[in-house]
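Top line first, the protein sequences correspond to chains Y and B. Sequential numbering of the first sequence, starting at 1, is according to this note's numbering. Sequential numbering of the second sequence, starting at 119, is according to this note's numbering.
What the hints contain is simulated information worked out from the structure, not anything from laboratory work. If you're wondering where the values come from, they're calculated on a predicted model, not measured in any experiment. Don't take each hint at face value.
Stated by the list, open to error - Restricting the straight-line Cα-Cα distance to at most 27 angstroms, the calculated cross-link-like pairs of lysine-lysine (DSSO-like) are:
(1) B:K124 to Y:K110
(2) B:K146 to Y:K107
(3) Y:K107 to B:K147
(4) B:K282 to Y:K110
(5) Y:K109 to B:K124
(6) B:K124 to B:K282
(7) B:K124 to Y:K107
(8) Y:K107 to B:K123
(9) Y:K109 to B:K147
Here are the chains, one letter per residue:
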Amino acid sequence: MGVKTFAIFVSIFIFLFVIELIRRQKMTFKYSISWLGVSSVVLFFAFNENLLRKISDFFGFQLPSNFIFFLLSAFFIFLSLLLTVYINEQNNRTESLAQTIGMLEFKIKKMQSPEQKK
Amino acid sequence: MISPKKVLIIIPAFNEERTIRRLVQEIKKIYPDFTVLVINDGSTDHTAEEALEVGAFLIDLPYNLGIGGAIQTGFKVAFEENFDIAVQIDGDGQHDPRYLPCILEPVASGKVDLCIGSRFLNEHSGFKSTFSRRIGIRFFSSLLGLLTGVPITDPTSGFRAYGKKIIPIFAQFYPVDFPEPEAVMTAKRYNAKISEVPVNMRKRLGGISSIRYLKTIYYMLKVTMAILIDMLKKKQKEISYGS
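Please work from the sequences and hints to get the whole structure.
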């Protein structure tokens, strides 16, 4: 019973915290959706313990808690994969920004010194 | 012979203040009509000033992108300003500009899209490399030969000429991790014709090689992985001139 209450509190806290981050414009929808989704799932299972037990039995977990741990680690692996993708994307973008800035400066300087003809 | 074509010489330079002036002067002496563009890849020394003083065009990158990102900037310029041929030559003075005509000719005549200057094709090449480096290069040349079907003796050579077919592709998709060997894969993916010509390379006049001896094996593993991963890449729709 204590575990259940704890889980509910933690997920409510995360849920509200993420909402607050969105309100303060520190997180956009794109990045918040996975957190909101997971905390909702935890809340849902916390109030539907039988369903949780059934599902974990179905997948062959000996204990529902093992099932929860499994879900958690799966979520984090997926999340870090997603973050790697985002970092990569940012990397490509800053690189192409740097190149564009370099080229723009080059063009501006060329325009300022017309004697250097192409 | 090549003069009617518009040629861009791309020189990526990261802290090459000791060599860049001489290199630019040598190129300008042989080819006064070519556009020499130095890409200053976030140098902390006087590379930029040296290059400007001897009349090169200069692009200052705001921070160090690495050789791949620097070269790609050159391709973007070549593409935007509609150059016919782009030539890559290292800023450290290792590549002898007297061999420029050799790597230019096959591309200028339209025979190939990518011409690589190889220091191993020439039997009498004075180039002495370390043992581990030679092993690494031999290994990559077999690997790339196997994967692309093109026998390449010097896959890490950065002394290259690129034709008009390949410029827009590299402006968009130039590999950044291990650009020289990977670029061969990219070129092949877009059905470019690739060939090699023998060149002499000098001892490095300055700068430090980006491949350090102790890390050779690690480097080889990484490049092999990168090349294999390159094989998985999808051929993406490319931009082309006039689009």
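Verification of the supplied hints:
no. : hint             : result
1   : B:K124 to Y:K110 : 18 angstroms, holds
2   : B:K146 to Y:K107 : 21 angstroms, holds
3   : Y:K107 to B:K147 : 25 angstroms, holds
4   : B:K282 to Y:K110 : 24 angstroms, holds
5   : Y:K109 to B:K124 : 21 angstroms, holds
6   : B:K124 to B:K282 : 10 angstroms, holds
7   : B:K124 to Y:K107 : 18 angstroms, holds
8   : Y:K107 to B:K123 : 22 angstroms, holds
9   : Y:K109 to B:K147 : 24 angstroms, holds
The structure fails none of the hints (numbered hints given earlier).
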